Structure formats: C-alpha cells, structure tokens
Amino acid sequence: MPPQTPTRSTPDSSGPINLASSQEEIAFDIKGFNLWYGAHQALHEIDIQIPARKVTAIIGPSGCGKSTFLRALNRLHELTPGTRLNGNLRLFGDDLYSAHVEPAVVRRRVGMVFQKSNPFPTLSIGENVLVGLRLNGIRDSSVLQERLEYSLRMAALWDEVKDVLKRPGVSLSGGQQQRLCIARALAVQPEVLLMDEPCSALDPIATAKIEELIQVLRSKYTVVIVTHNMQQASRCSDRTAFFYLGRLIEYGETRSLFMNPSNPQTEAYVSGRFG
Amino acid sequence: MAEILAVHSTFAPTAAQQAWRRWYSRGVSVLLSLCALLVMAPLFLVVWFLISKGASALDWNFFTQLPKPSGEPGGGMANAIVGTFVLLGMAGIIGVPLGVMGGVYLAEYASPRMNRFIRFSADVLNGVPSIVWGMVAYAMLVVPFKGYSAYAGGVALGLMMIPLVIRTTEEVLVLVPQSYREAALALGISQWKVIVIIVLRTALAGIITGVLVALARVAGETAPLLFTALGNNFWAHSLSQPISAMPLQIFNYAISPYEDWHRQAWAGALVLMAIILTLNLVVRFMSRDRTRR
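Taken in sequence, the protein lines are chains A and B. Throughout, our numbering is defined as the position within the first sequence, counted from one, plus 198. Throughout, our numbering is defined as the position within the second sequence, counted from one, plus 1372.
Hints were generated in silico from the structure; no laboratory data involved.
Label-pair ranges, simulated between beta-carbon atoms: (1) A/Asp401 - B/Phe1457: 53 to 59 Å; (2) A/Asp401 - B/Arg1656: 33 to 39 Å; (3) A/Asp293 - B/Pro1501: 55 to 61 Å; (4) B/Phe1492 - A/Ser296: 38 to 44 Å; (5) A/Ala237 - B/Val1568: 34 to 40 Å; (6) A/Ala466 - B/Gln1550: 30 to 36 Å; (7) B/Asp1431 - A/Gln343: 57 to 63 Å.
Quick list of in silico lysine-lysine cross-link-like pairs, DSS-like style, CA-CA up to 25 Å: (8) A/Lys418 - A/Lys407; (9) A/Lys364 - B/Lys1565; (10) A/Lys407 - A/Lys364; (11) A/Lys314 - A/Lys252; (12) B/Lys1565 - A/Lys314; (13) A/Lys314 - A/Lys360.
Here the structure is a predicted model, which is why all the values come from computation and not from measurement. A virtual CB, placed ideally from N, CA and C, is assigned to each residue, including glycine.
Work the whole structure out from these sequences, hints included.
What follows is the structure, encoded as structure tokens:
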C-alpha cells in the first residue's frame, strides 16, 4: 500500500515531526498496523511513534477509529468478538502482540481510564484503588498501604478521601470518581496511561482538575489521550495525531499541528469546518 | 369552563359530550379496577381459606411431633417440615452451582450461536412438567439403587432448579455494565478473577434473588417427589431412605378419608404457604435494595 499520509513519509515537512532524528525515548513504535471488525476495516496502515513521558492527544471526528486505536494499545479491543489485526506494535521494544504475550501482562503495563467513570460499585474507595494489586496477588499490607496513598496522591484525590477510604467508591462526585479511576489505574504501576475521552462526562471544573493532573502525570508516565475537545488537545498535549476514516492523517507537535497543519483535512478539522 | 372553551374553538366539545366522556372514563376505570381485584382475589381467598381452615390445627405439636396413626388425635408434621428443608438443601447443592456456572458461561463465554441454543434449551426445560423430572430422577436413582430416597427427591428438585437459575443468573450478569469488565481487565486482572470477584459480586443480590425464586418454586412441588422421596411417616435416619416433605404429606392427608388428617393437611398447606411467602418477601427486599443502588 502506498503511503497515504504525506506528513509521516516526507521527513522535511516541519522540523519537530521528524521524530526519527530526535533522541527522545519511544514508548509505542507502531508500523503498518491494520485492524478489522469482521469485514469492516477500522484502522488502515497506521505508522506512529508515541514518545515516552509525554502527552499524546488523538483527535478526529466520531467513528474515525481513535478509540479503536487506543484500545488496540492495551489489547482491550480483543473483547469485541471478530476483531483481527496485523502489523507491528511495540512498547519499549517488546512486541505486544507476539504469540506468547498474555493480554493481562500487556494491560498491567498499559493502564486505561474510560469515558465514563466506572468505580466498582461493590468496593470501597480504598478497595477500588487496590483491587488491581490484590487480584494480581499482592498481599503485603505495607506495600498496599504505600501504593494506596501514592496512587491517590498522584490522582490528586488523597486529601479529599483520606478520611473516608471505607466509603463506597460510587459515593464520590463524578469528577472525584474519574480521579479515583485514574488512581486505580496508577496503582498497578503501568508504564503508559491511556485515557479515552476522560472528561467528556465532567463539568468544566472537574475537567480542569483532570487536565492539571495530566500535566503532573506526564513527568512519570506516557499518556495517550483521546479527546473530542480540540481545546483540550491543544492545552494539555505535546503531540497530536489526527485520525480520519481509520487513517492517521497527520501527526506532529501539538502547536504546529494546530497552528500550521500541513494536511488540508487536518486544517479543516482543527479550524472547525467539519467533524 | 366548557362554555368558555366553546367560545374560542369550534371543535370544543359541548357540555353534554364532556359529561359523557367523564362518565365513560369513570366506567372504564371501575371495570379495570374490578379486573385487577379479580386477579388478586385468589391470593387473598387462598390465604383466608388456609387460615380459617388450618389455623385451628396449628399448635406447637404440629411443629414438633411425628404424624399419629389415623384415629389418634394430635400429632404433627415435624418430619415433613424438616424433610422439605433437607430436600431444598439438596436441591440447592445441585441446582445453585450448576445453574450459576451455566449462567456465567452463557453471559460471559458462550458464542452467540451457543448462547441461543442453550437459552432455548433452558426455556424448554423450564416448561417440562414437573412429574417428568420425577421420572428422570426415578430412572436415574430409584431404579438403579433399588429404593426411594431423599437423594432422588433432592436430585429431582435440583434438576428443576438448574434451568431457572441459569436464566436468572444470565439475566443479571448481562445487566452488569460492560465497563466494569473492561476496567477490571484493563488492570491486568485475569478473566476468571474479573468474573468471580467483580462481575459476580456486582450481580450477587440479583443471583441470590434468582436462587430464592427457584427455591420457592420447587418448595411446593409434589409431583417430582411422588416416586422419588416417596414420603415417610417417621424420621428419615439417612438420606438414602424415603423422606417426608410437606407437599407429599399434604397430598397424602388430603386424599385420606379422615377428618383430623384433613385438618392437618390444611395446617400443612398454611405453613408451606407461609414458607414460600417468606421466601418471596425476602426476594422483594433484596431486589429493592438492588434497585436503590
């Protein structure tokens, strides 16, 4: 298949896009990645390198494959029956789809936060944070206690919940629940945090808190965030990838992609003319 | 009011039309209320009848003593009451794990084709007449082991429970939002732990409700016990002996010609009804708790 994305294959379009020459560490290295739902091809020949310890935003109109792409990064799409894929997807050099890699191991390395906050209704706040560790066999209470506090602090929730850890997770407000889900994902010490429109169900104040949090997280984690909100992408990401109809149309430094898009479709989308 | 409307609209109904409509509406409401009462009447009639006929035979002895031979006054149904709970316990041991695991398979693992097939089978099994289950247990356990036994009765009731529990378990598991499964799997938790610890726990109240409904349903069954548990006028000292059960005892007393056995049968029916009603009330309580969350 000939390259459909001039921005990726021509190294000169604008400086920062030329990722190969920068010395930064690559988290996801993806080449020729295709994904089908039954007969429908949802992703076409995706080539992308996602940098470590940076925030990469994925934007695009509904149905463009951005959530599918995100779910492919931790093999969660495998829950949908009838999916097939080929191509190469590596995380820090390890092939995530090699035959002897367990999906559970991939998902421990690549955590996820969902569009709607989903704390487990039968568990307390503390149990929600620790469930991933406990069910992966960690029993040492000092380790658990330390991970609990660390994760809740990282999620900027510790001060609000430290006295009510025994209350049900679902008793928190929407924004707090979403931060609880972030703490839950961080507790298993992933290398990457995927966020699938984490603020779309939140009010502006809660959204601002989560965005602030993303800025803190990027110092330790690789963050990939799918968002419908272009202001959000431009505010809180280092890189932005624009997907359209299952293809990666343009990928580059967030500022240059928004200010100076090299593809006319990207320009039309980020300036709000479609999508 | 009607006159005012008439001034403004040529389509406004006249006062007479409106009065007719009001009466018509009232008439239909009354008719429907009567239908509703008619539907509920049997429940109240049954309860009232059982109380008026059975309460007089209810005393402490009824719950503590064995049946007396005909003609001798007194006696009770202690063995049948205990027998019913023993049979329900055995039915639960067979029906609950198989039913719940079958429901988990249906909801979590089965391919759509397999799902349709099993669901259809379970629905057909739910419609199988209860006496057929008795025959199945008779052929499986009574004939080979050459004797009626509590085991055979428990198995007959347990088999009846399986399709009921499968279907209710599947229904409540499907109601557990997919997002909980995804969130748990995204934490790198293995699938069986996700199912056992996250999904089943979330659906627990619903599954218990389904199990209690199934128990209440089989608690009153007589036909499957007729040639499996058989009935026993004394204590069953082992589960391989025939055992008494309330529906059996009621049946035997009711078809007898003796007046005081009839009264015992009424009392037994009253107690059995109370047990089943209690089970149903517990179910109501649990499901209300679930919807509140």
